[in-house]
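Student: Since the structure of chain D is already known, use the hints to place chain U on it.
There are 2 protein chains.
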Amino acid sequence: MSKTVETDKPLRVGIAGLGTVGAGVLKILAGQADLLAARGGRPIVVTGISARNKEQDRGIDLSPYPWFDDCLELASSPNVDVVMELIGGEEGVAKTLVELALENGKHVVTANKALLAHHGVALATLAENKGVSLAYEAAVAGGIPIIKGLREGLSANRIDRMVAILNGTCNFVLSLMEDEGMSFDAAVKQAQDVGFAEADPTTDIGGFDAAHKLAILASIAFGTRVNFDAVDIQGIESITAEDIEAAKELGYRIKLIAAAQKQNGGCLQRVQPALVPLAHPLALVSGGGNAVHLEGDWVGAVEFGGPGAGEGPTASAVVADTVDIARGLDVPVFGLPTDQLTADNAAQQDTSLTAFYLRFQMADKKGTIAAVTGLLAEHDISIETMIQRPERDHVAGANMPVIVITYPSTREALAGAINAIEETGIVASRPHVIRVESL
Amino acid sequence: MSKTVETDKPLRVGIAGLGTVGAGVLKILAGQADLLAARGGRPIVVTGISARNKEQDRGIDLSPYPWFDDCLELASSPNVDVVMELIGGEEGVAKTLVELALENGKHVVTANKALLAHHGVALATLAENKGVSLAYEAAVAGGIPIIKGLREGLSANRIDRMVAILNGTCNFVLSLMEDEGMSFDAAVKQAQDVGFAEADPTTDIGGFDAAHKLAILASIAFGTRVNFDAVDIQGIESITAEDIEAAKELGYRIKLIAAAQKQNGGCLQRVQPALVPLAHPLALVSGGGNAVHLEGDWVGAVEFGGPGAGEGPTASAVVADTVDIARGLDVPVFGLPTDQLTADNAAQQDTSLTAFYLRFQMADKKGTIAAVTGLLAEHDISIETMIQRPERDHVAGANMPVIVITYPSTREALAGAINAIEETGIVASRPHVIRVESL
Numbered sequence: 001m002s003k004t005v006e007t008d009k010p011l012r013v014g015i016a017g018l019g020t021v022g023a024g025v026l027k028i029l030a031g032q033a034d035l036l037a038a039r040g041g042r043p044i045v046v047t048g049i050s051a052r053n054k055e056q057d058r059g060i061d062l063s064p065y066p067w068f069d070d071c072l073e074l075a076s077s078p079n080v081d082v083v084m085e086l087i088g089g090e091e092g093v094a095k096t097l098v099e100l101a102l103e104n105g106k107h108v109v110t111a112n113k114a115l116l117a118h119h120g121v122a123l124a125t126l127a128e129n130k131g132v133s134l135a136y137e138a139a140v141a142g143g144i145p146i147i148k149g150l151r152e153g154l155s156a157n158r159i160d161r162m163v164a165i166l167n168g169t170c171n172f173v174l175s176l177m178e179d180e181g182m183s184f185d186a187a188v189k190q191a192q193d194v195g196f197a198e199a200d201p202t203t204d205i206g207g208f209d210a211a212h213k214l215a216i217l218a219s220i221a222f223g224t225r226v227n228f229d230a231v232d233i234q235g236i237e238s239i240t241a242e243d244i245e246a247a248k249e250l251g252y253r254i255k256l257i258a259a260a261q262k263q264n265g266g267c268l269q270r271v272q273p274a275l276v277p278l279a280h281p282l283a284l285v286s287g288g289g290n291a292v293h294l295e296g297d298w299v300g301a302v303e304f305g306g307p308g309a310g311e312g313p314t315a316s317a318v319v320a321d322t323v324d325i326a327r328g329l330d331v332p333v334f335g336l337p338t339d340q341l342t343a344d345n346a347a348q349q350d351t352s353l354t355a356f357y358l359r360f361q362m363a364d365k366k367g368t369i370a371a372v373t374g375l376l377a378e379h380d381i382s383i384e385t386m387i388q389r390p391e392r393d394h395v396a397g398a399n400m401p402v403i404v405i406t407y408p409s410t411r412e413a414l415a416g417a418i419n420a421i422e423e424t425g426i427v428a429s430r431p432h433v434i435r436v437e438s439l
Numbered sequence: 440m441s442k443t444v445e446t447d448k449p450l451r452v453g454i455a456g457l458g459t460v461g462a463g464v465l466k467i468l469a470g471q472a473d474l475l476a477a478r479g480g481r482p483i484v485v486t487g488i489s490a491r492n493k494e495q496d497r498g499i500d501l502s503p504y505p506w507f508d509d510c511l512e513l514a515s516s517p518n519v520d521v522v523m524e525l526i527g528g529e530e531g532v533a534k535t536l537v538e539l540a541l542e543n544g545k546h547v548v549t550a551n552k553a554l555l556a557h558h559g560v561a562l563a564t565l566a567e568n569k570g571v572s573l574a575y576e577a578a579v580a581g582g583i584p585i586i587k588g589l590r591e592g593l594s595a596n597r598i599d600r601m602v603a604i605l606n607g608t609c610n611f612v613l614s615l616m617e618d619e620g621m622s623f624d625a626a627v628k629q630a631q632d633v634g635f636a637e638a639d640p641t642t643d644i645g646g647f648d649a650a651h652k653l654a655i656l657a658s659i660a661f662g663t664r665v666n667f668d669a670v671d672i673q674g675i676e677s678i679t680a681e682d683i684e685a686a687k688e689l690g691y692r693i694k695l696i697a698a699a700q701k702q703n704g705g706c707l708q709r710v711q712p713a714l715v716p717l718a719h720p721l722a723l724v725s726g727g728g729n730a731v732h733l734e735g736d737w738v739g740a741v742e743f744g745g746p747g748a749g750e751g752p753t754a755s756a757v758v759a760d761t762v763d764i765a766r767g768l769d770v771p772v773f774g775l776p777t778d779q780l781t782a783d784n785a786a787q788q789d790t791s792l793t794a795f796y797l798r799f800q801m802a803d804k805k806g807t808i809a810a811v812t813g814l815l816a817e818h819d820i821s822i823e824t825m826i827q828r829p830e831r832d833h834v835a836g837a838n839m840p841v842i843v844i845t846y847p848s849t850r851e852a853l854a855g856a857i858n859a860i861e862e863t864g865i866v867a868s869r870p871h872v873i874r875v876e877s878l
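Same order as they appear, the protein sequences are chains D and U.
For the first sequence, position 163 (counting from the first letter as 1) is numbered 163 according to my numbering, and the numbering increases by one without interruption.
For the second sequence, position 369 (counting from the first letter as 1) is numbered 808 according to my numbering, and the numbering increases by one without interruption.
FYI, nobody ran anything at the bench for these hints, they're computed from the structure.
Beta carbons: idealized from backbone N, C-alpha and C, even for Gly.
Hints are supplied without guarantee of correctness; some may be wrong.
Which bits of chain U does chain D cover? Going by a derived footprint, with three or more residues having C-beta under 8 Å, they are [what the hints assert, rightly or not]:
hint	segment
1	466-476
2	589-603
3	713-723
4	739-748
5	772-783
6	796-802
Just chain D, same shape as in the assembly:
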């Protein structure tokens, strides 16, 4: 097969969705028009825009751009080569628009991680059959060019593992809790007040957004079909200011980690809070930042970091995808033709050896520490570090926090120990367990 790429005419873009990202894209396309034309080899022109509300003030003059009341008409317009889907949502009009555009042989650029996590392979197959691009750099890690870095820059490697911070809202909340000593609830409230969290923050805080992104990255990394349902998802709701403080004292910072690795011939995908060593670059990611640590068989460990969301970063990624299309670049959506993506043989169980952080509330009674440490030992859990110290307002006889970092063990062994400890009744509540990420 040889392919012919038209690169002589202006590239005509139709934008559906004029929220923060859509508005940002319009600003970049207007503000850097000459630069983008030089880089892309031809002008990139906006030949259609569409949004729910035409009258809303977006701080930009929309009059130069043809308005489409129905965004789906962008997908059939003879004046549109590229449809930008910046509406969002895994179903509904976003999905219909992308399908229609691809079916009509138009390139699609989207920032929609939920759509790709749920329908990525079907859409990629459609794009492939039609010989057009389905580009989504903005869907993962905002302005960081991680899709390109992984899918093209590291194409010589088998990826063994990735460990990433993919949700800026969670990172912002955890940073607030650490920097200001805030409670989880207060930090979420503040994140909402400054526009960093939605009114219903579940998608972010519960880890689902990070899981969407992880499923996409894992597909590229391992050559597997996107499998969002296989992601083991845990949010940050259970993290307390005490955990954050204790972690710091022990040389760690708590982050919502999205990780994937090969294991027992399958692929393990998980989103969960974890302790990250302070000396690792992932620990330095603050506020709304994102970062991805990748391990390839030839390259070793590579890190990408930057802003994970927001108008400028996300629009930067959308426009970069568009310049790629102007340049005539086309790469298989998930790095391989879809018929060569293997089933994601989801690992049934996490059998890796991992260190854990444990926080107990223990009765302030003689022998309780000995009982707990004895039960840990019986279950082959060795203690690396332990802090037992009464809180400042400790009253004799009240419960006392004890923090333990274990040596690596399996989750199964740990669960056995925890159950045994709970059964003794010497702990006031189920111990709080957080993974210690080995990096």
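Tutor: Just chain U now, with coordinates in the frame of chain D:
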């Protein structure tokens, strides 16, 4: 213009140079052949190899590959689509080979930063005229896909500034000095012993290698013609164990920094040791690592980090470039057609405001500190931090080190102050000045 890309036949590669990188490339191409064929859309086959010494044991079986005694014949072989130039050197056979290959309409993949820093624009023009790729991901920052990340991933942005660690040897030496308290000479010796520094380490230690890489990155970032001669180059020879220790105490780590920024309508390129705040990811780069911090007008700050050299990382980048060629991807060599690259209007003078680290050896006499601080004030240099402390084996009346971190000032103002201080004769030698990088 429309372009037609042949992507149906195997991509045939001729490799010139079988040192560490060349051998690594052969290993990857053999070991991941199926994966690379799937990712690239067609098999990548080695149809020719060449090196100075055929008999040398490289730990790989060379018998499957046609041997060329004269590497230049790879450039005219009808069985070669891509010539890999892994010989090195800015002139001589490497240059001749690349020119010949391009002239004959063959794609070129190279890891040769010196060649590109000195002849990049001429070679890029030749590649453009012939409609072939000149790919060089491996030439900058080893396994980190920084060329791709900058040239394609951040194509929506005007880059304002970059601050990078681009020489693994210097970073290894500085890490040794910090971790082991070694002198500069001892650390260089050890770097040589473990193969991290050449017998003549000048190219690395003197900052020239980092400058080659910086000149290439600056061209892509700013859309300017590569201008190696404009790089202000200073190596790490003057850094002492005392500097490293004092910097650490003040919250910094000393790194060989390669930086470029727009200034007064021109472009400022510099390689020099600098203090980096410990809380910044660049400070975490240890051993032979590299990292690049980029600031774009829309994306904000983005960081890339990873291994800066070595068989696996460098070969990973060379093979990724080859997969790009197999995929039919082609991007202007420096991000713009060469006739649109502007002259690098080199900034005549660094007028930016910068904090500085100063180390004085002062006579242990009454009034010396007052005299020095007075002269700094007279030249509008304000002191942010000062440490004066006798060394452990201090003898009364001997010289005493004084360390100062200034508030930001111009280089010119600082030079005036330093000259005035020297003239007083109260310092034992010219004060040691190191830039504090603002990050």
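Student: If a hint holds in the structure, say so; if it doesn't, say that too.
Tutor: Here is what the structure says about each hint:
1. For the segment 466-476 of chain U, the proposed coverage by chain D is satisfied: 4 residues have a C-beta within less than 8 Å of a C-beta in that chain, meeting the threshold of three.
2. With 7 residues carrying a beta carbon less than 8 Å from a beta carbon of chain D, the segment 589-603 of chain U meets the three-residue requirement, and the given coverage holds.
3. Against chain D, the segment 713-723 of chain U contributes 4 residues with a C-beta closer than 8 Å to a partner C-beta. That satisfies the three-residue criterion, and the hint holds.
4. Counting residues of the segment 739-748 of chain U whose beta carbon lies closer than 8 Å to any beta carbon of chain D gives 8, which reaches the threshold of three, so the coverage claim holds.
5. Residues of the segment 772-783 of chain U lying with their CB closer than 8 Å to a CB of chain D number 4, which satisfies the three-residue condition for coverage.
6. Only residues whose beta carbon comes within less than 8 Å of a beta carbon in chain D count, and the segment 796-802 of chain U has 0; fewer than three means the coverage is violated.
The structure is inconsistent with hint 6 alone, although it conforms to all the rest.
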